[in-house]
Amino acid sequence: MTTPTFQDTVFALKKYWSDRGCIIQEPYDVEVGAGTMAPETFLRVLGPDPYRVAYVQPSRRPADGRYGENPNRLYKHQQLQVILKPSPADVIDQYLGSLKAIGIDLAKHDIKFEEDNWEAPTLGAWGIGWQVMLDGLEITQFTYFQQCGGFDLDLVPAELTYGLERLCAFLQNVDSVYDIQWTSFTKYGQVRFEEERQFSKYNFELADVQMLWQLFDLHERECQRLLATTDVVLPAYDQVLKCSHIFNLLDSRGAISVTERVGVIARVRKLALGVAKAWIAQTNPPEAAATNESATTAPHPPVKPGPPADPTAPLGEVVA
Amino acid sequence: MSLPFLLEIGTEEIPDWMIVPALNQLQDMFQALLDQHSVRGKLKSADATPRRLVLKAYGLIERQPDTEDLVPGPPKSAGPNAAAGFAKKLGSTPDQLIVQTTPKGEYYFLTKRTHGQATAAILARELPNLILKIQWPKTMYWNGKGSERFIRPIRWLVALLDNSVIPFEIGGVHSGDTTAGHRLLGKSSILVTHGDFDEQLRTNGVLLSSEKRREKIETEIAGLLAGKALRVKPDPDLLHTLTYITEFPTPILGGFDSQYLELPSEVLITVMRHHQKYFSVEDSKGSLAPYFIAVMNTNADPDGLVRHGNERVLRARFNDARFFWQQDQKKKLEARLPDLKNVTFQAKVGSYFEKTQRMVHLVAELGGSKNAQRAALLSKTDLTTDMVKEFTDLQGIVGGLYAKAQGEPEPVWRAIYDHYKPPSMEGDIPSTADGRLLSLADKWDTLRSCFDVGLIPSGSRDPFALRRAAQGVVRIVVEGQVKFDFPGMGEDLSEFMRDRIEYYFRDVRNFAYDVARACMAAGWQDLLDLESRLKRVQAVRTTPDFEPIAASFKRIKNILRQANYTDGAAFREDLLEPGPEKDLHAEINRSAGQPLESRIGPLRPKVDLFFDKVLVNAPDPTVRRNRLALLHSLLQEFSTIADFSEIVSENKE
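Which chain is which? The protein sequence lines are A and B, in order. What the first sequence shows, in our numbering, is residues 136 to 455, in sequence order. What the second sequence shows, in our numbering, is residues 2 to 654, in sequence order.
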């Protein structure tokens with residue numbers, strides 16, 4: 136078997152999950168930090184309706200940019216996100232099957248499931264799970280969602296997030312993501328290098344901080360207005376995503392002090408919780424009486440100690 | 002009949018560090034269950050892998066013994082109708098009643114027989130609760146809101162009493178006689194019996210015994226390194242982790258380019274250990290060698306792909322570390338000082354910049370050298386480096402290494418390098434005097450400033466690890482022989498420190514608790530003095546005269562308290578009665594200034610005789626007051642060493 140290209144791998148994973156009842160969605164077209172933030176995950180995991188979906192989500196983390204100079208770190212990487220709601224009892228076997236489907240002969244490799252619980256404070260979301268290690272490389276984040284938007288979830292979804300760049304670098308045995316064959320005649324670097332270089336420059340050096348603060352305020356107000364006076368939830372959620380991305384930009388510009396940080400995260404979180412509440416009320420009226428207020432004030436579940444949580448970085452960096 | 006029992010809880014991968022505590026709880030609860038229901042049976046073994054908790058027991062009986070209770074009824078005098086009513090209520094007939102004489106007269110009694118329940122029924126009823134009662138640090142639900150919680154989803158259950166399945170259900174999973182093997186090496190459905198359980202698991206790629214897994218790792222590592230002039234860097238914690246993260250561990254040897262050895266070994270080891278769970282390898286001189294040992298959760302690496310993959314990941318991580326090192330050198334530590342204004346130490350306390358300023362002052366106040374003060378100034382600047390942001394465990398160490406690379410004198414960089422030591426009750430304190438002073442100042446400042454804003458640990462809540470900081474203070478002062486008088490200590494902190502000091506001397510240094518209490522009652526703010534008093538009192542504690550003297554001191558204290566004695570009335574030698582009273586006084590004077598050890602022996606008979614022959618509570622108030630003054634002075638003589646009334650007699654009547 137010839138080595139699969141980047142897009143071969145994407146096709147194979149989409150086909151595999153399509154065969155298991157997933158809707159194959161396209162990426163969400165607003166900037167997000169992770170596949171979890173796309174409404175196909177954030178909103179669909181709420182409520183009592185089963186749902187299965189898979190999609191590639193380009194995920195932007197401005198602070199992770201390296202001007203295209205680091206072989207493993209990217210400003211924007213691609214996640215293949217799978218949501219199985221509710222999680223089937225054989226979910227791990229299904230997951231292992233997906234690795235076989237992209238050409239990994241498990242008999243010749245070492246797979247470990249290492250504890251790694253996930254939390255996204257800005258989304259009021261957390262879950263229990265593992266990082267899946269293949270020959271010492273983290274290739275997937277596997278999470279049983281417990282709470283989202285401050286709500287205990289009716290059905291527990293399994294979220295599988297494949298880091299496509301590191302997975303493909305592994306499959307193709309290259310040391311730099313830029314050397315990944317996107318197709319048999321085009322390398323990842325040819326497609327994406329310039330984007331990494333230019334956006335790193337913008338994110339770290341050029342973005343107008345004052346304008347970003349204004350934009351943050353504007354999007355926040357728009358979200359609040361929509362939630363308070365209208366019944367449209369999805370446009371309101373877009374405003375949350377805008378705020379979150381602007382927050383990340385401000386962060387990469389070094390414009391947010393540590394003390395401010397907590398406050399800004401709280402502002403985004405408040406919007407996200409409001410959206411989740413409105414969504415549940417709309418899609419599942421009997422639950423409307425329920426409220427996530429308690430969840431917002433309840434103490435956080437304990438999480439592993441570490442650096443301050445990046446609100447949009449639930450799923451680890453690209454490689455290593 | 003004596004029956005064997007087997008329980009296996011099959012789960013998805015449980016975090017390694019939670020497995021042993023959970024297994025301990027499970028086995029304790031299970032033995033208690035057997036005992037409580039009188040079904041006999043003893044636990045034979047308890048073992049676990051990341052995917053299963055297994056208990057084996059033997060000697061259970063098939064059913065509980067029948068029991069007979071004698072139930073008292075009405076008095077005989079109440080008559081046959083009352084007796085018949087009583088019998089009927091218990092589902093019996095009057096002819097089953099007997100009459101027995103009790104202290105209160107003659108009464109009807111009925112023998113009530115209860116059939117023992119079948120052990121299988123008891124287990125089927127109790128096991129689900131027992132399993133779900135295991136306490137985990139963090140649990141999840143997986144069957145929808147409000148469903149049962151466990152550490153990870155339960156996927157199968159084996160419960161066998163003799164050859165029968167004990168039927169029960171948890172979250173839709175029914176117990177049975179079928180287990181699952183290793184995810185990749187075994188079958189997913191395997192019929193088992195008591196006799197072949199371990200062997201079936203073994204042939205399906207699971208070593209159930211953690212001891213065997215540990216041994217396999219150790220033996221095979223030795224095999225990998227045999228004849229290579231290399232040795233593994235011992236790491237018991239990592240070995241434990243790997244034992245409980247695998248069902249079938251197999252170590253492999255990998256290597257890395259020796260050019261990375263230019264990086265400090267501390268950084269390389271941290272990358273290997275914390276990020277990749279690899280053992281480091283040393284050459285015969287103890288220097289880091291360009292190899293590592295990874296432990297797979299499978300049986301072989303036939304094509305070398307696993308080794309290759311691990312080497313690739315490590316290379317990427319080392320490249321990152323080298324990049325951080327080079328980047329960080331572009332800005333010297335001193336130039337990073339202003340950046341600390343943006344690093345919060347604690348929201349209510351302020352930034353690390355402010356903390357650094359306080360530490361510099363404190364080091365100076367404690368008599369620290371210019372070097373120690375310089376080290377304090379630079380000590381926290383590494384928090385702004387990429388290296389520490391990536392490898393937080395290396396804070397301090399990275400600062401020390403950077404200071405060294407930037408030409409700071411050895412006393413300065415070493416002090417920075419060491420200033421997070423000691424890491425816990427174990428582990429070394431800083432190796433140099435400057436380092437000890439810096440570490441002490443850092444911890445004391447943390448304690449003082451947190452207590453100042455009301456961040457006081459309570460119960461198990463200690464988010465800022467203040468107990469550990471306090472323990473560090475005590476260890477550095479005592480074990481490093483540092484002069485320290487707890488400057489600027491408020492009341493709450495004083496109480497807190499007192500507890501930690503008592504804990505240290507009692508539980509870490511193993512001084513008897515009453516000795517610790519007695520000596521601390523005589524003052525504890527000079528820890529070096531306290532330690533020397535403790536040693537002396539502990540030494541005389543075993544001499545025959547000590548406890549009687551201590552008992553006498555307790556008596557003296559009581560007498561003074563009952564008499565509401567207040568210091569003041571001048572002692573008059575001329576009021577002393579010849580005999581025991583005068584003798585006691587003479588002995589006190591004679592031995593004044595001598596060490597405790599030589600005073601107790603001669604003093605004891607004089608004290609005993611005094612209490613035997615002399616009436617303290619003399620009718621003449623002047624004499625009485627004088628005698629109280631004599632006793633008081635005796636108490637005072639020793640009060641600078643210890644409060645002996647705290648000593649608890651070992652041979653109490």
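You may find that some hints are simply not true.
Calculated pairs, DSBU-like style, for lysine-lysine (alpha carbon to alpha carbon, straight line, at most 35 Å) [unchecked claim]: (1) B:K188 with A:K243; (2) B:K139 with A:K235; (3) B:K349 with A:K377; (4) B:K583 with B:K558; (5) B:K583 with A:K243.
By construction, these hints were calculated from the structure, which means they are not laboratory data.
Now for the hints, and whether the structure bears them out:
1. For a cut-off of 35 Å, the pair hint linking K188 (chain B) to K243 (chain A) stands: about 17 Å separates their Cα positions.
2. Our distance criterion of 35 Å between C-alpha atoms is met by K139 (chain B) and K235 (chain A), whose separation comes to about 32 Å.
3. Between K349 (chain B) and K377 (chain A), the direct Cα distance comes to roughly 31 Å. Compliance with the 35 Å bound is thereby established for this hinted pair.
4. The straight-line distance between the Cα atoms of K583 (chain B) and K558 (chain B) is roughly 20 Å, inside the 35 Å bound, and the hint therefore holds.
5. Proximity of K583 (chain B) to K243 (chain A) is assessed by CA-CA distance (about 93 Å); at most 35 Å being required, the pair is judged violated.
This entry does not satisfy hint 5, going by the numbered hints stated previously; all others are met.
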